[in-house]
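Put the complex together from the two separate chains, hints included.
Here is how the chains run, residue by residue.
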Amino acid sequence: MAAVRNGITLRGLCKEYRLGRTSVHALRNVNLEIASGSFACVAGPSGSGKTTLLNMIGLIDTPTSGTVHVAGEDIQGLPEKLRTRYRSRTLGFIFQSFNLLPVLDVFENVHLPLILHRELSPEEKKSRVMEMVEAVGLADHVRHKPFELSGGQRQRVAIARALVTHPRIVLADEPTANLDSHTGAEVLDLMVRINAERGTMFIFSSHDPRVMERAARVIHLHDGEIEAA
Amino acid sequence: MERLALCLRNLGRHAWRTRIILLIALLGAFLTFLFENLIEDISRKQSDMFGRAFSGHFLVLDREIETKNTFGYYFYEPEQMMSPGQVQSVRAYLAGLPEVSGAQERIVFSGLYYGEEDAERGFRGVAMDMEEFSRNFTDMYYAKGLALQGGEQGACAPSWYEYEKDKNLVVGKSYVFLLPNRDGEFVDREVLAKGGIDYRTMPKDAVGLSSILFDLAGYRAMLGYSEPVASEVVGFLKDARTSARVLPQIQAWLDSHAPRLKVVSWREYAPIFAEIVLGFDVAMKAVETILLAICILLVVKLTTFSIIERYSEIGTLRAIGFSRRDITLQFTLEGFLAIAAGAAAGFLLAAGLIALLHVTGVQNHTTFWSYMIGDGFRPSFHSFKVLRVVGIFLAVAVLAPLFPAIQGGRLSILRTLEKR
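Going down the list, the protein sequences come from chains A and B. The first sequence runs 346 to 574 under the working numbering. The second sequence runs 3 to 422 under the working numbering.
For reference, chain B alone in the conformation it holds in the complex (with noise of 0.2 Å):
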């Protein structure tokens, strides 16, 4: 206790660098343990999400048909169409597994546009039926819920968004697009926008895409198909977690029923989404590691700057019979008080916004956000991050002003009273 109070006393009589350790703790405390705990929240949000979209979806499709990464926008040879056999066998195969929710074929496809400056702009589009288009399916992929807005059915082009310049088809206007025709090659093709959905939340600049979306029907028409092929037929599972199990099942069929097709788990698509989560929580680390960094090196210094200006008190100490140890302990038991103090004080601020940001929620209304973290989420506490972020700052605490206290404590007690 008479220790403890000598040190107080002293964190009062140098208060000008006791508060700015005290700020810098608070800081690096703050900033910590809002990250630990946001970044644990969205990590959890995105889990969710992306294993609702990835782990539940299925594609059946050409074995040919590279799909790793493509997120669904894949390239393949005219050849490579399931045709109208293959589409109704596989739809009443899945329609028949008590694990499968639904299931639709569609036609993936790219194409070109010009700008406003004439420029020719590519973009990559999906041709599907809407009025079966599975909710489950929309609220991850494009519209996250919203109803189709005025669509009809035959309808082309019912909306575009194009992300850099917030621009969307005017419904009841025409465009020209470059299309591919059934053999691959792209004709013009004047489309009349007749309504859609509004996919905006959607930030395809973010993953590199632009799109545009058609009904199957009104697809298959304009390139000429009078038979309803597809390229594939994307279904979904009631629960995700029967997928390694129903997946090789459906496969099984597949080799017995339709060889050259394949059930693509789009769980493919999810190494892409790892990196980003992966990409994001190392950002997220490396901002703390440098708070943490810069708050061990400024405490060291201004630990090291107290000893020298308290040459002669060191000097007076050792003199009436203070040890090394007694020395080294004075200046990290200070050093230790003022960074737990500060660090205490970020714990509580950063706890306080937490709590408010639970009541809140986060709100997010830009793409790169909505497409992290979906429509939103309220952050929470994570015990484990608690732990894990006062286990660091009562380590700092510790470390930080031990080794210039270690310093201080060897000073010879000659060299010390001799400085004044």
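Here chain A stands alone, though its shape is the one from the complex (with noise of 0.2 Å):
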């Protein structure tokens, strides 16, 4: 119980987008719970809602009505200085495209959000970066740029990034469909043992039946609705 009560509850959650006089539903009534240091991957087709339900999450996108509680507190009801403290505290975001910051190298990539956590000293956020980067096994790349190292090595790098900050919670938006199935199984293998070992919530998406497998719970979307969770 203190894993749902400390985990995500969505209730009666909504997504409408209006495309001229035609309005999409990206999200239709969705109610969920997710505990804490969950595994879970929210599956479906293209279009059915799973980047909508994420940026929900991440407080990326705004519901057209519902609730999005994390930890008994609704994050889509904070104030603007909140919610950007809850996306550097208590998020980390793992992108589709990686999105690494092409000017700096692995290292930087990695300390980027360590910008923000003012109450840590250099010689701490030091440490944190080369933790993260040798547990994602890039030790030996610390000063490679972006452009330099495969996909594989560079979404390893969005993982060290979106762990430095030790979140509670790491939303992955299709983690591994820029990869091939060898790394992006390589890349899962790394998110499923960083769950086991530091108990961090991964939220992730994908339509690859074969990441599917590898989630302790799988939420499938169709058309913006929950059809089994």
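The hints are simulated quantities; they were obtained by calculation from the structure and are not laboratory data. These figures come from a predicted structure and were not determined experimentally. Heads up, a few of these hints could be off.
What the hints assert, rightly or not - Computed list of lysine to aspartate or glutamate pairs in EDC-like fashion (alpha-carbon distance at most 16 Å, straight line):
id: 1; chain 1: B; residue 1: K264; chain 2: B; residue 2: E66
id: 2; chain 1: A; residue 1: K490; chain 2: A; residue 2: D450
id: 3; chain 1: B; residue 1: K387; chain 2: B; residue 2: E42
id: 4; chain 1: A; residue 1: K470; chain 2: A; residue 2: E493
id: 5; chain 1: B; residue 1: K387; chain 2: B; residue 2: E290
id: 6; chain 1: A; residue 1: K470; chain 2: B; residue 2: E4
id: 7; chain 1: B; residue 1: K287; chain 2: B; residue 2: E277
id: 8; chain 1: A; residue 1: K471; chain 2: B; residue 2: E4
id: 9; chain 1: A; residue 1: K426; chain 2: B; residue 2: D328
This is the structure:
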């Protein structure tokens, strides 16, 4: 019960986009509970609302109606300052196309979110970055720029960047979509390991059955509605 | 420091854009810094020249003669000439004033001559005794310190210069001029050029003048005056600062001894010079303003372009916890660093040039610049101008990238992440 209380609760979540005169329902009355420490996959075909769902939890988008509670707190009702703080302290993001800053090397990319953590000393920040870089197996590549890395390595950098702030929740939007199956499996292995070792909640989206197989829980979305969770 | 490092990396990454901003800021700062200091030097030089020329000199002449902005070449009726008695008493009075360094009578006139194409041209002249001509007076007004050349007492038309054609009267040759007689009628006079001063440096065309200089005795004789009449007595003060006290004193004496006469400060001519200085200043300021406006517009444009190009980066930064303020700060800091670096280089270049000009001095041989700044000057740094230009560029460096940076900070995370 504590895991559920500290987890994520979605109630009556709806998202409607207007495209000219027509409206598109990206999410329809989504009710869902995800316990803390979960390793959950949001599955469904393209346009089913996977990304929209992750964006709602990640405060990147706002619902038309409904609520998103994280550890009992209505995060969508937070003022802008606290939403920003929530994104920097509670969440980690992994993007389908990695979204690394090309001008920065591996160390600097992973270090990027820590710029906002003024409570940490430079030594602590460095130690955290190195810990994460080692955890994702890129200790030998710290001074490499993203263009010098393979797709799998880039995604591992993105995972390290998402985890370096020690977030409770990591949201990953199709993290293996841009990777070949072997590399994708390696990235998933890494996520599974971190989930097991650190208890970090992972919510990731995919429409790949091989990825879904690795998830402890699969939430099926279809046309914005939960088919099975 | 971490943010600063990130900014520097981004500036390095977008090298061409950074270089353009650097170059614009460099050029803007260079020219603004240079102009500001040069304008100050020119203004000071002019103030000094015109201050000496106009504040320290005065005319005693008929009350009815309008002298304002005539540069001393006013028009008068024959009956407005000062009689020999008036000339003598005024000179005697002025000679007794300790504040007055000298005074002499002269006749101001207008004449006509025929140019190479037989076209009639007007000119204005002054006939005065060159031997007594004060060097202080000539410094500014005619020959800028050049000595009389081959002058001969009683000679007429010693020298003449027409700016447009660089034409001089040849000493030893005769020329026909239409000159006013004592009744103000123009009559042909054949004049033999015997020598005189070269006053080529006086830009007559710039003030709409062409001039011919006669010695006073020669001119009187030519016009048939047997008595020593004059159209005015010109005097000079030892110290121009005493004019406010001394000129009313002279006027009081004139009121009681020669009520038909008045004393006129040469300051009356000053307004037109003030306008010239103001016009010059405005022109330089306009160039500066245009440069600054271009600089600001280009920085705004380039920062906006940078933001559009880095949409996805903004989205990523926002998603990982950067606030709107952080994004605004990031882009403002990048713009600031580029402008500040360019401006600093521009300041250094301008400072180097000013230092060099200070050593070599700014020489001039053209009539216009001679008119504006005399025989040259040595530019120097003026602390309040330095502070002003630095202040302007600091403001530009902060404000120019600020608006697009704020716009960048306001972008929706969703929109920026969708743009790839």
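Now for the hints, and whether the structure bears them out:
1. Of the supplied pair hints, the one linking K264 (chain B) and E66 (chain B) holds, its CA atoms being roughly 9 Å apart against a limit of 16 Å.
2. Straight-line distance between C-alpha atoms of K490 (chain A) and D450 (chain A) comes to about 4 Å, which keeps the hinted pair within the 16 Å bound.
3. Only pairs whose Cα atoms come within 16 Å are accepted, and K387 (chain B) paired with E42 (chain B) is accepted, the gap being roughly 8 Å.
4. Our distance criterion of 16 Å between C-alpha atoms is broken by K470 (chain A) and E493 (chain A), whose separation comes to about 24 Å.
5. Straight-line distance between C-alpha atoms of K387 (chain B) and E290 (chain B) comes to about 13 Å, which keeps the hinted pair within the 16 Å bound.
6. Our distance criterion of 16 Å between C-alpha atoms is met by K470 (chain A) and E4 (chain B), whose separation comes to about 11 Å.
7. Straight-line distance between C-alpha atoms of K287 (chain B) and E277 (chain B) comes to about 15 Å, which keeps the hinted pair within the 16 Å bound.
8. The straight-line distance between the Cα atoms of K471 (chain A) and E4 (chain B) is roughly 12 Å, inside the 16 Å bound, and the hint therefore holds.
9. For the suggested pair K426 (chain A) and D328 (chain B), the alpha carbons sit about 12 Å apart, so the restraint of at most 16 Å is met.
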